[in-house]
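Quick mapping for you: the protein sequence lines, in order, are chains P and W.
In terms of the working numbering, the first sequence opens at residue 1 and continues consecutively.
In terms of the working numbering, the second sequence opens at residue 156 and continues consecutively.
It should be emphasised that the hints constitute simulated quantities derived from the structure, not laboratory data.
No residue lacks a Cβ here, since even glycine has one placed at the ideal position from N, Cα and C.
One should not assume that every hint holds.
Dumping the calculated DSS-like pairs for lysine-lysine here, alpha-carbon to alpha-carbon at most 30 Å [said to hold, decoys possible]: (1) P/Lys125 to W/Lys288; (2) W/Lys216 to P/Lys46; (3) P/Lys111 to W/Lys213; (4) P/Lys149 to P/Lys118; (5) P/Lys115 to W/Lys193.
Which stretches of chain W does chain P cover? Using the computed rule of at least three CB atoms under 8 Å from a CB of chain P, they are [said to hold, decoys possible]: (6) 223-237; (7) 252-259; (8) 275-282.
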Amino acid sequence: MECLSHKSEIINTFSSVRNFSFKEKQSPLLDEEQMNGFLDAILDFKKGLTEKTQTIYEFNDRIERLTWFNDLDEECLMLSNDLISSAKDLWSSLIRQYVSMNFIRSKGIAKNEIKDFKNALDEFKESYMDLESTLFFLPEMPDFIETTKQLSLVR
Amino acid sequence: MNIYCLEDFKVEFEKLKSKKSYNSFEQEIISYFFGKTKEELCSGTRLNLSEDAPYIKKRLKGRGGFRCYFLLILKGENLYLMYAHPKTGSMGASNIDDKSKAYLYKKVLTCIKSNDLYQLELNDTSKSIKFIKL
């Protein structure tokens, strides 16, 4: 009797393994549809990040061009001050986004896009800080003002 | 455009040139500054808001790259390279602070007045820069 129950258990186990094996052979971990969905999500992420990076680079150029405007009045300076505050706020949000990409980056996904995004952020910070220096800090330094005066006499 | 530089620029230039990872620096300087009109050179961040003698910070070699500080005296068509540094790598540095910007600015004025400058010229093949002490 005991022998029969052993046999039945072996057959049951064999049957379970065989069925499971057959099923797994037909459906790998990710089927084609799932894999395509996964790759699409990566491509969407890369595309979105590249667009965001491009926008930041455009901001950098536009902020740089503001330093070539002459005779800025009080209202323009106030608006520029608002722009600088808003740029600082944007940078804080974006750098948080960058930090949250650490996991993705460590897996080697969208490495170049993330690197370029970080570089755009660094340059963005540099641009608004330079604008702030140019409009508000350097003109408050007496030495700096005096040098500008004297240089205007150099031919 | 006549191109001059301060000792500070020459020192940094030679340091960068001796490093393999920064060997594109000399070509960047040649292609950006030599043979250019003053209109083409009026780009970057203008630090002093001056119309006649803009003090400019320029990003070179696109992303990452180098930062170059220079003064343009538009009437005389003279350009003074003041300082440069790479943004990344072993000699990379972040933005220079306002005190350093003001220091370089004052120094270029002193050097122009005392003629303590180097003139920059290209060699025969136009591939490297010669520094001639004035």
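Going down the list of hints, with the structure as the test:
In summary, the hint linking P/Lys125 to W/Lys288 is not supported, as the alpha carbons are separated by about 37 Å, beyond the 30 Å threshold. The suggested pairing of W/Lys216 with P/Lys46 holds, with an alpha-carbon distance near 24 Å, which does not exceed 30 Å. Distance restraint check for P/Lys111 and W/Lys213: the Cα-Cα separation of roughly 27 Å lies within the 30 Å cut-off, and the hinted pair is therefore satisfied. With a CA separation close to 39 Å, the supplied pair P/Lys149 and P/Lys118 exceeds the 30 Å bound.
Between the alpha carbons of P/Lys115 and W/Lys193 the distance comes to roughly 34 Å, so the proposed pair goes past 30 Å and is violated. Residues of the region 223-237 of chain W lying with their CB closer than 8 Å to a CB of chain P number 4, which satisfies the three-residue condition for coverage. Taking a C-beta to C-beta cut-off of 8 Å, the region 252-259 of chain W contributes 3 residues in contact with chain P, enough for the three needed, and the coverage statement holds. With a threshold of 8 Å between beta carbons, the proposed coverage of the region 275-282 of chain W by chain P is violated, since 0 of its residues qualify and at least three are required.
In summary, the numbered hints that this structure violates are 1, 4, 5, 8.
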